[in-house]
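So the chains spell out like this:
Number of protein chains: 2
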Amino acid sequence: MDECYMRRALQLASCGREHAAPNPMVGAVVVCDGRIVGEGFHRQCGGPHAEVNAIASVRRPGLLERSTLYVTLEPCAHYGKTPPCAKLIVEKHIPRVVVGCRDSFEKVDGKGISMLRQAGVEVTVGVLEKECQELNRQFFTFHQKKRPYVTLKWAESADGMVDFLRSTLADGAAAQLSDATNLALVHRLRSRADAILVGGRTALLDNPSLTTRRWPGRSPQRVVIDTHGNLSADLRLFPARVYLTATDARPDYERLSGTTVCRIARETSGTLPLHTILSDLAQVGVQSLLVEGGPAIHQAFLEQRLWDEMRVEHSPLRLGGGVAAALPFGAVVVARENIGGHVVEILRPGCG
Amino acid sequence: MDECYMRRALQLASCGREHAAPNPMVGAVVVCDGRIVGEGFHRQCGGPHAEVNAIASVRRPGLLERSTLYVTLEPCAHYGKTPPCAKLIVEKHIPRVVVGCRDSFEKVDGKGISMLRQAGVEVTVGVLEKECQELNRQFFTFHQKKRPYVTLKWAESADGMVDFLRSTLADGAAAQLSDATNLALVHRLRSRADAILVGGRTALLDNPSLTTRRWPGRSPQRVVIDTHGNLSADLRLFPARVYLTATDARPDYERLSGTTVCRIARETSGTLPLHTILSDLAQVGVQSLLVEGGPAIHQAFLEQRLWDEMRVEHSPLRLGGGVAAALPFGAVVVARENIGGHVVEILRPGCG
Numbered sequence: 006m007d008e009c010y011m012r013r014a015l016q017l018a019s020c021g022r023e024h025a026a027p028n029p030m031v032g033a034v035v036v037c038d039g040r041i042v043g044e045g046f047h048r049q050c051g052g053p054h055a056e057v058n059a060i061a062s063v064r065r066p067g068l069l070e071r072s073t074l075y076v077t078l079e080p081c082a083h084y085g086k087t088p089p090c091a092k093l094i095v096e097k098h099i100p101r102v103v104v105g106c107r108d109s110f111e112k113v114d115g116k117g118i119s120m121l122r123q124a125g126v127e128v129t130v131g132v133l134e135k136e137c138q139e140l141n142r143q144f145f146t147f148h149q150k151k152r153p154y155v156t157l158k159w160a161e162s163a164d165g166m167v168d169f170l171r172s173t174l175a176d177g178a179a180a181q182l183s184d185a186t187n188l189a190l191v192h193r194l195r196s197r198a199d200a201i202l203v204g205g206r207t208a209l210l211d212n213p214s215l216t217t218r219r220w221p222g223r224s225p226q227r228v229v230i231d232t233h234g235n236l237s238a239d240l241r242l243f244p245a246r247v248y249l250t251a252t253d254a255r256p257d258y259e260r261l262s263g264t265t266v267c268r269i270a271r272e273t274s275g276t277l278p279l280h281t282i283l284s285d286l287a288q289v290g291v292q293s294l295l296v297e298g299g300p301a302i303h304q305a306f307l308e309q310r311l312w313d314e315m316r317v318e319h320s321p322l323r324l325g326g327g328v329a330a331a332l333p334f335g336a337v338v339v340a341r342e343n344i345g346g347h348v349v350e351i352l353r354p355g356c357g
Numbered sequence: 006m007d008e009c010y011m012r013r014a015l016q017l018a019s020c021g022r023e024h025a026a027p028n029p030m031v032g033a034v035v036v037c038d039g040r041i042v043g044e045g046f047h048r049q050c051g052g053p054h055a056e057v058n059a060i061a062s063v064r065r066p067g068l069l070e071r072s073t074l075y076v077t078l079e080p081c082a083h084y085g086k087t088p089p090c091a092k093l094i095v096e097k098h099i100p101r102v103v104v105g106c107r108d109s110f111e112k113v114d115g116k117g118i119s120m121l122r123q124a125g126v127e128v129t130v131g132v133l134e135k136e137c138q139e140l141n142r143q144f145f146t147f148h149q150k151k152r153p154y155v156t157l158k159w160a161e162s163a164d165g166m167v168d169f170l171r172s173t174l175a176d177g178a179a180a181q182l183s184d185a186t187n188l189a190l191v192h193r194l195r196s197r198a199d200a201i202l203v204g205g206r207t208a209l210l211d212n213p214s215l216t217t218r219r220w221p222g223r224s225p226q227r228v229v230i231d232t233h234g235n236l237s238a239d240l241r242l243f244p245a246r247v248y249l250t251a252t253d254a255r256p257d258y259e260r261l262s263g264t265t266v267c268r269i270a271r272e273t274s275g276t277l278p279l280h281t282i283l284s285d286l287a288q289v290g291v292q293s294l295l296v297e298g299g300p301a302i303h304q305a306f307l308e309q310r311l312w313d314e315m316r317v318e319h320s321p322l323r324l325g326g327g328v329a330a331a332l333p334f335g336a337v338v339v340a341r342e343n344i345g346g347h348v349v350e351i352l353r354p355g356c357g
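So the protein lines, in turn, are chains A and B.
All letters in the first sequence, in the order written, are residues 6 to 357 by my numbering.
All letters in the second sequence, in the order written, are residues 6 to 357 by my numbering.
Be careful, since some hints might not be right.
Identical chains share a label here; the pair holds if one copy fits it or two copies do between them.
Pairs of lysine to aspartate or glutamate residues, derived as EDC-like cross-links and limited to a Cα-Cα distance of at most 16 Å, are as follows [stated by the list, open to error]:
hint: 1; residue 1: Lys92; residue 2: Asp253
hint: 2; residue 1: Lys112; residue 2: Asp176
hint: 3; residue 1: Lys112; residue 2: Glu96
hint: 4; residue 1: Lys97; residue 2: Glu139
hint: 5; residue 1: Lys135; residue 2: Asp7
hint: 6; residue 1: Lys135; residue 2: Glu8
hint: 7; residue 1: Lys86; residue 2: Glu139
hint: 8; residue 1: Lys158; residue 2: Asp38
hint: 9; residue 1: Lys158; residue 2: Asp253
No lab work stands behind these hints, which were simulated from the structure alone.
Excised from the complex, chain A in its bound form (with noise of 0.2 Å):
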């Protein structure tokens, strides 16, 4: 039966994904003899807690003192924007209550669990645990390996090509290898990251926008890798952040309002030093990264092993020769899905 409540505290959980963040998404149940009696989850960061709402919702509250409370993730145990529901759960008497998943923020950490262990409440804890995980996965590898939640995205032809052979803006335009419902898809992409990141070569070349226009939402904060120094101001993606590895390039969009300019130096073997450039996305609170390319930049976070879910369009359009892909090597498919002839595939890294 615990898994039965949990499973209602996920998809409670899961209603507070639009403005949760950047908390994580988090639901609650209370339980009085086999009988849901409250409900909850954090409907906006700086609001109440998903145990606070789900307290709030029992219309006689002397049933608490013998409910089970559910919750998708461990509750805190620190004053931050609101008071620890650790805390709450102790006045309230609640017997008993029924962890998803640890929260690994440090603040809290398994502080929350013993903090009720303390005061006499029984704790069982992960019911659930891998969905309660898998839920906030980008919240857990934020706050785990302090960079953002890195998401590839690219579209290839049927030959592997992502783009014609284009050395300059008078080659002409970009392939189109994504239809209307795709790119939709790839806007609702952009509307649920953090940042979006392009190389130097497609800014210049595809001159994009990088906006959210197809689908309702926020655009996400723009970022740039210039290794040449040569973007010119007046690119769309501009005002953005630039990683530029050009150390002596006075570029002009340096003093471009909104645009902040990161100086850092590539490593001594060449290679792209995308952790430290993750790292210092995650201290400007970047939680989730979209990387749109081009296949270069893709290659540097797959062979660097910085990345943890890709989505890749398989279009039925040959080119015939053309820029390559990128290799997805180590990635397993773990969903696959035909949209209007464009097969679209989600991978995440493999355990090899």
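Given chain A's structure and the hints, the job is docking chain B onto it.
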């Protein structure tokens, strides 16, 4: 560890979403000495089952004799379009099989598990059972209840209306409560349903075509309940399957090519004979039905408890009066998402 491999089998199963129907989605994994040595899923109705694909993918067939096969659904025991999988497993001397959930399809229904056990195979049943059942809930509903999986769908205004008050076509166009993104998502819902149903009033007033124009994919079969026998043959939804309760009517769509007219009696209480309609649809192979309205039709499905899922879109618009939406009593919100200011709720029947 069983759960870990079953989770992988579930991922694989879902890759068959497009073409498995009317068969269920099934995934399978072969594990030898703690390593995955084979994987497969049921790609297409009529093609090999998941177990066959997984077994065929093992590069060194000798490993099978000391492997465990994980499969999300009970292996079949009958000759259908392909030979029984249970037989293949026995022939390959696979010593252990882990089954996600039993197949309630009457030609299997425990017989696959029995066949394996009688041949000396060790069988574990019920690993991630809920997840395996959830994946194929349309298939299971169809076989267990002998009726399609019913999804109710509507959009309502901030004040709970689905339309202006209109008594004739001359009253003007219907209220536009949805937006482009949500219309596209509704068309995706249509593309995943075998059939789509509306009432005669909606057919007449809105003259919908009920096709999948805003999402790639096939259009579902169109079904209309005609209580007055007053539909005209030039409505856009024809050809369709019509359930006609006006017994003495001779409507002009009766001779339309591709249109089937089923004459059914209203129950003596006056309620719509939805049970009869759903049984008939099941007999012509409709596994999933999307009910688009109007509210009287929705209310009938709700009152007769003949529904499995609901998608309600809450528009920010106010109509200030009009046709009220159905009351979703007995429904529990299992997911909620804000899509461009429109809050979309997914509901399921509660236990009560």
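Legend entry - Violated hints - listed by number, lowest first: Violated hints (numbers, rising): 1, 2, 3, 4, 7, 8, 9; every other hint is consistent with the structure.
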